[in-house]
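A.B. asks: Once you've looked at the hints, dock chains A and Y against the given chain S.
Chains as they are written, first to last, in our numbering: chain S, 1 to 132; chain A, 1 to 120; chain Y, 1 to 304.
Take every hint as true, because none was put in to throw you off.
Now the in silico label distances, taken between C-beta atoms and shown as ranges:
#1 Y:P94 - S:A132: 19 to 25 Å
#2 Y:S77 - S:A132: 27 to 33 Å
#3 S:S7 - A:K7: 36 to 42 Å
#4 S:Q65 - Y:P190: 16 to 22 Å
#5 S:R19 - Y:T99: 32 to 38 Å
#6 Y:R42 - S:A12: 53 to 59 Å
It is worth saying that the hints were derived from the structure and are not from the lab.
Just so you know, these numbers come straight off a predicted model, no measurement behind them.
Note that beta-carbon positions come from the ideal geometry of N, C-alpha and C, so glycine has one too.
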Amino acid sequence: MSETRVSIHSDADIIAARRMGRELAEGVGFSGSELTIIATAISEIARNIIEYAGNGEIVVRQTQQGTRRGILVIARDRGPGIPDIELAMQDGYSTSKGIGLGLPGSRRLMDEFEVDSTVGKGTTVTMKKWVA
Amino acid sequence: MRVPILKQGHYLIASIQSALTDADLLQLRDDLAEMAGKYRSYGIIVDVTALDVMDSFAVRTLRAIAHILKMRGARTVIVGIQPEVAIAMVQMGLTLGDTFTALDLEEGLELLESGRDRRE
Amino acid sequence: MRNIKGKGTTISLRNDSTSALLTELVAHLRQNRTQLREEWARRITESQLLTAMTKEEIFVEATSVYDNYVAVLETGSVEALQAYARDLSERIIPRGVETHEVVGIVLLLRDVLARSLFKKYQSDFALLNRVLDAYEPAANRIANTVAVGFVQERERIIRQQQEAIRELSTPVLQVRERLLILPIIGVIDPQRARQLTEQLLRGIRANRAKVVVIDITGVPAVDATVANHLVQTVDASRLMGATVIVTGLSAEIAQTLVTIGVDLSKMKTIGDLQGGIEEAERLLGYKVILEAGETPPASKRPAV
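Same shape as in the complex, but just chain S:
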């Protein structure tokens, strides 16, 4: 299965990440609106990386579970980490400029969503979407 990885340093990388993510997802067989949903979710977490950690990486991978096909997105950073994940998952919560919608927003778009974060070490967000 195909995989692509994008380094996230600047806001231009956000566009690159979602473009490549969309390309890979296209190969899996998602519909038009699902592709946009995936690209939007990638955009959200990519921006999250920049806003909270400064830089990081996004990996998008075609994935499979039995005959079910889907897309896997992993966003990794070595930023400050999220002290209270539950709080961060609530709408409207933000520690930096403006109301952030990154985490709860992407969760609403994807089928599976997991946040793994350690204060002082970094954060990994893993999300999946399956072809209907």
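C.D. replies: Only chains A and Y this time, still in chain S's reference frame:
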């Protein structure tokens, strides 16, 4: 990439040509604010037909544009939101608030015109 | 630190001597390409596989499959093979080729090549064993990949056809200029709901609709999920500049929705479809775009 802004009578039309970085969006906000003040525009149309993704930052910035322009006496209409983008936005729970939306440029201008008539 | 894989998947169990052997047998398979491919094509016909295709077609496909097969043995990368398997499937499925045929021909190729290896290395039993140790896992992996690729492609096509059928069964109707009606009949599952929304929004764009009437008289049950989809569809339509009127909402369903927590004030609702169409025409006739909370001016413009 700077978004081209055209002046059409009392209106400004900003036509987004391709995906915008965060910096581009903020630049657009500033450009529109400046031009609306300079030309005392009645209304602004932001055409997002070419955007294949509208995430929370884009939506936030568009709302900010509408808000700033409202304070300068101008109405904002967002036109050209594509079906897939609309679906993603509502699924994520993103709204444009009180900002007006229309299908395309033509509808957007008509909307601005009709609002203007009522004011006169 | 997690082990990060590179692009694609490599076949495991490769060490230096296996690599060297594979290189050798790949060279052998390439050298004897013409003869082995012919042998394979012959056995395909003998087994009465690919009867839907002509001899020439079989020859062309056989050549491609053979070359791809050997290339995968050489590089260990199944990525190219997966792409080819999907491509091949896309071509032959419409011609009526079935799963057992595809699996059959790949296994035949595996056997033809294996026999050729037997013949070449028969004088050295130990070497033959090492050659087979190198060849077999790779060959089986290939057979598996092609079979799975074919099945997935079939499933994709079936899904596409189902979607097309669903689309046909729920037309978005344009009854007046700028007015669309979407009558929904039957049970709505999440997939159908998604498709309805997509169809409606594309319809709004194509017809430049300003008003949409969604009639749910024919929907037996409206639960929280359906209500949610409805609200999302209304919101998405409004983002595209269309006003939505929902009709066919019985008092009972309205009550249920309120109980669930749906904000009905966001939606224009009217009892029946006829009433909804009249309201829609009224909206279009005035050519006034209503803003939130405002009522249309009493007599400014004549109704069309």
